[in-house]
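As given, the protein sequences belong to chains A and B, one line each in that order.
Residue numbering for the first sequence follows this note's numbering, starting at 1 and increasing by one per position.
Residue numbering for the second sequence follows this note's numbering, starting at 198 and increasing by one per position.
FYI, nobody ran anything at the bench for these hints, they're computed from the structure.
Note that this is a predicted model, so its numbers are computed, not measured.
Each hint can be trusted.
With a cut-off of at most 25 angstroms between alpha-carbon atoms, the simulated SDA-like pairs for lysine to any residue come out as follows:
#, chain 1, residue 1, chain 2, residue 2
1, A, Lys175, B, Ala316
2, B, Lys284, A, Ala186
3, B, Lys478, A, Gly158
4, B, Lys478, A, Gly156
5, A, Lys175, B, Ala315
6, B, Lys284, B, Gln266
7, A, Lys125, B, Glu304
8, A, Lys103, B, Lys284
9, B, Lys284, B, Pro317
10, A, Lys103, A, Ala19
11, B, Lys214, A, Leu162
12, A, Lys175, B, Thr308
13, B, Lys477, B, Gly384
14, B, Lys477, B, Thr347
15, A, Lys121, A, Thr181
16, A, Lys103, A, Gly52
17, A, Lys121, B, Lys210
18, B, Lys214, A, His177
19, A, Lys125, B, Glu235
20, A, Lys103, B, Gly294
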Amino acid sequence: MATEVMVRSESDRDVEFAAWFTGLVGEQKLRACIHCGLCSGSCPLARHMDFGPRKLMYLAREGFADDVLGSDTIWLCTSCYACTVSCPQQIPVTDVMYALKRKAIESGKAPKHHPVPVMAKSFAKMVRRRGRMTEVFLIAGLALRSGIHRYLGMTGMGLNALRTGRVSLRRDSIKRHDELTRLLDAVAAHREKVTRP
Amino acid sequence: MREYDYYPGCSLKGTGKPYEESLLAVFDALGARVDELEDWNCCGATAYMAVDELEAVALATRNLALAEQSGRDLLTPCNACWLVLNKTAGRLSNDTGLHNLVCTALESTCTVPRGEEAAPLTYTGSVSVRHPLDVLINDIGVDAITAKVTNPLQGITVAPYYGCQIVRPLSPFDNQDNPVTMDSLLGATGCTVLEDYPFKTRCCGASQMMTMPDVGLDLVSMLLADAAARGADIVAVACPLCQFNLEAYQGRLSGGNGEPVEMPILYFTQLIGLALGIDKKTLGLGRSFVNPERALAGRSLDE
Chain A
1 MATEVMVRSE SDRDVEFAAW FTGLVGEQKL RACIHCGLCS GSCPLARHMD
51 FGPRKLMYLA REGFADDVLG SDTIWLCTSC YACTVSCPQQ IPVTDVMYAL
101 KRKAIESGKA PKHHPVPVMA KSFAKMVRRR GRMTEVFLIA GLALRSGIHR
151 YLGMTGMGLN ALRTGRVSLR RDSIKRHDEL TRLLDAVAAH REKVTRP
Chain B
198 MREYDYYPGC SLKGTGKPYE ESLLAVFDAL GARVDELEDW NCCGATAYMA
248 VDELEAVALA TRNLALAEQS GRDLLTPCNA CWLVLNKTAG RLSNDTGLHN
298 LVCTALESTC TVPRGEEAAP LTYTGSVSVR HPLDVLINDI GVDAITAKVT
348 NPLQGITVAP YYGCQIVRPL SPFDNQDNPV TMDSLLGATG CTVLEDYPFK
398 TRCCGASQMM TMPDVGLDLV SMLLADAAAR GADIVAVACP LCQFNLEAYQ
448 GRLSGGNGEP VEMPILYFTQ LIGLALGIDK KTLGLGRSFV NPERALAGRS
498 LDE
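This is chain A alone, in the form it adopts within the complex (with noise of 0.2 angstroms):
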């Protein structure tokens, strides 16, 4: 197989993005990263990303952030961690990952239309409102969202799920949904101030 080769010039670098990303794991824990590829080697998803996390990690700290931030790699992690506690350097490459999807999000450089981050802000949206989360409609607004064509394969699985009672097509939601909206406001005002993994 073919080894895609990127090219990237100066006049690509995000400056800012580049001392952004420094600061969410260190400067000095970052660079003692020895790209060994130890996390790209353990990432399930690794063959079906853009380009692994190892060179996610390079990227992003010399600043290309329209790769890093328009890449399909950040949604595709699905958090199981392998990378974290296979790296020798300690880097927590999950919680990495994490802020580089709100980074996607909040700059607007997140893959127009893909089902991820669609279904993470419909998630997201869902509890805030009502505290719990309810599949069967996640699943309708995702589909509604990214394409429905994407979900007819699994129109057997969704009547299976009817058929054993294991959908419910009641909207859950806690007592005090109002309480907890309050909360999460509360906390949102001080959004700036943690921005560590």
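Starting from the structure of chain A, add chain B where the hints point.
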């Protein structure tokens, strides 16, 4: 009598219903009391953390605070919920600034019923969030379970699949690289435990199965093909996401020789329940997509 608060999480009220049913039945049979946490909310899972960090921490903290009211350990059967709550508890105890910020907001916005009144919700940091694998091994004990087995599951080979978040990045009660708690518990049921199952902690795809089915199917097909090749009749799981991913899409997979994949995926609590002589219906076995009857054949399940 041992008593626990119980945090089901959203999945155990939907697709993971058989996990809740079998867990409660098994704890009852073993003489442990389990009470559902009053007005618990979603843990935030992995999705909320991808959107907003502080709000995700606050969501988890409200549950920890509700659990702290009783002073009991919080039984948390979903691997994802278990990790979110444990990780949040750890962060709050290591980061005073974060603890103060979130707990001040909590106290000024949230309440907990106290008699007829509503008291402000506080959290000091004393809750222990525990997975049923941990509780069954360390509080109840394998011997106590073995002593109550009336229907040993002899002749069935079971592959124990742990998934990721119960062993990574934290592993307070099991071996991170080769966990064995489920092996020991399944051993008590009399079944043959597949000891050599290297994929036991490899990711099942989690919510990717829903968002990117092709990617999810690729991960699951490996796990199932390997379990089958090693002679497993059943794969046992300890997480509602793993269970659903491994079971629900088998119709879309084909085995190495092109034959359909048909591997029953049961919660370890369902297998323990069967061995304890609890009836199938109570254990939610009728809710399986892949019928486990053939794999369990020869067992007398309704004694």
